[in-house]
Amino acid sequence: MKSTWKRVVFFALLAGIWELLFLLRIWPEYVLPSPFSVYKTMIHGFKDQTFLIGIMISMKRIAIGYGIATIVGVFLGLLIGRIRIFEETLGSLISGLQTLPTICWLPLALLWFGLNDKTIIFLVAMGAVLSITVATDAGIKSVPPLYIRAAKTMGARGWGLYLEVILPAALPHIITGMKQGWSFAWRSLMAGELLIVCLGLGHLMMIGRELNDMSQVIAVMIIIVLIGILVDRLFFIKVEKHIRERWGLVKI
Amino acid sequence: MSETVEIENLIDLNYVNFRTEVQTSTKLCVQGLSKSFQTKNGSVCVLDDVNLEVKEGEFVCIVGPSGCGKTTLLNIIAGLERADSGELRVNGRKVNGAGTDRVVIFQEAALFPWLNVIKNVEFGLKQKGVNSKERRDIALEYLKMVHLTKFQHAHVHELSGGMKQRVAIARALAMNPEMLLMDEPFSALDAQTRWILHFELQNIWLKTKKTIFFITHNIREAVCLADRIIILSTSPGRIKKEFIVDLPRPRDDNDVNVAEYSTRIMKELKAEINKVVACEMDTDSCVECDIKCTTEVPSKTDIGGGI
Ligand SMILES: Nc1ncnc2c1ncn2[C@@H]1O[C@H](COP(=O)(O)OP(=O)(O)OP(=O)(O)O)[C@@H](O)[C@H]1O
Ligand SMILES: [Mg+2]
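Here the protein sequences come in this chain order: A and B.
The opening position of the first sequence corresponds to residue 2 in the numbering used here, with each subsequent residue numbered one higher.
The opening position of the second sequence corresponds to residue 1385 in the numbering used here, with each subsequent residue numbered one higher.
Please keep in mind that the hints were generated in silico from the structure rather than gathered at the bench.
Every clue listed holds true.
For lysine-lysine, the following BS3-like pairs were computed, each having C-alpha atoms within a straight-line distance of at most 30 Å:
id: 1; chain 1: A; residue 1: K142; chain 2: B; residue 2: K1510
id: 2; chain 1: B; residue 1: K1503; chain 2: A; residue 2: K180
id: 3; chain 1: B; residue 1: K1593; chain 2: B; residue 2: K1624
id: 4; chain 1: B; residue 1: K1503; chain 2: A; residue 2: K239
id: 5; chain 1: B; residue 1: K1534; chain 2: A; residue 2: K242
id: 6; chain 1: A; residue 1: K61; chain 2: A; residue 2: K41
id: 7; chain 1: B; residue 1: K1591; chain 2: B; residue 2: K1528
id: 8; chain 1: B; residue 1: K1624; chain 2: B; residue 2: K1651
Which residues of chain A face chain B? A partial, calculated answer using Cβ under 10 Å:
id: 9; residue: R150
id: 10; residue: A151
id: 11; residue: G161
id: 12; residue: L162
id: 13; residue: E165
id: 14; residue: I244
id: 15; residue: R247
Each residue gets a CB set at the ideal place from its N, CA and C atoms; glycine is no exception.
Sequences are here, hints too, so could you generate the full structure?
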């Protein structure tokens, strides 16, 4: 409760300073809009649905891209974690690719898919997939062999063993990787949307820039931050809490 | 749930003398089993020509010092590890690999933390393809047998060490295996809990008539539980001696007869224990011993550092 209040006071203060700077007229309005005009733009944007549509389009892209990344990432992580030959080959490729900023895939994606949704989805997936792969691999390597032996003596074989023992045992790691992957995916999405003109939140920001409408740019930035926080709170923090309780891990 | 309450209803049970059971057919037959591990210093012979037989419904304890290859032997019987040579028969059939007819209970309970207690017990049944309602019923039945019905929805980390082992026992029994293979299941528990579990295990054994193959390095525990004690020597592991324990059940760790019996076994092994202790104390001679063990047929048939 106390920390909530501190936060409220802090943000109120921040808005106050902002408004003060605006009132001093050091910069013209298209450089620094007032917080009220940002607020007005926000309300207006939601009223005429442009923001909602932008959010929907962006969320759809990230859902598809991130979904693909999760499936592919977990699968690749399984391969690398369990099969020696993949570890030695694919594993080194993955750790090499990790050093490559996601946006470097853009030229290649443009050639493959053209200027459209697919390119952005590809960027999103590339942003998340490596973190998820690496985390899954680490998770699988840290599964206590005892669990696998116990499961084997109880008749777990093949897919059953993977789905009911190895993956659940690696889940805490996988979730950590998914969380990191999510933030990378979100960044790649914005990068892609800023560079490729086809709706979405990034595109709304670019429109703001073109119209010299700084308040729209800032409004969209705030939306992006809020969505990031929301997903973290609604999904990852809940899942992590659930896992901590289940496994009896100490609170960090 | 207080554990003393459970003890009372255990003692109330009407026990029969185990010898009245007719023990006929051979459940497990191990012949000429050998196993070595490759290490940096060459190959280490862990088990050498082990032969043993376990009868249907028999409770056999394997006793031996730490590192003598007990776990290796059990893993081979469980099918979790491969022997270099030798044969393994269950019910006269040759076996290869793990099977649900031989379920292992490990030193650490090896319960799955992502499942609650009852789902853990159901795990093996689910692998067998038993439908969910039947699964639940069977799991509850065995949880009741280990007096943990109240904890069916608990998370694994909320259980004490003794409770975890009891869940592991329920989980193994729920599979309705031919044999239970137990690898020092109680060695990480305090004396009080172990004492309780010795009662429970005897009780369960009398009720279910399962064949139990139980590893321990504690002679007292072996005397308390077993029909027959097999002593394994160290480096390489060989069957050293066998003792039949013919005491009425339920036996109590602290019972005079059990204590006396343990002392008697101890005494018989004393000379060899001393040999090993001397070897373990002196680093140089121990290295020597290791080298001897790894290369030539050992002159020593050691027993009992851990007992
Ligand atoms: N995978 C392995 N690779 C190499 N050596 C091994 C391996 N597993 C076991 N050993 C060796 O085999 C010997 C027997 O090990 P094992 O675990 O069977 O002993 P144990 O009798 O169960 O001992 P404890 O009472 O301490 O559990 C030990 O000396 C150990 O070092
Ligand atoms: Mg062992």
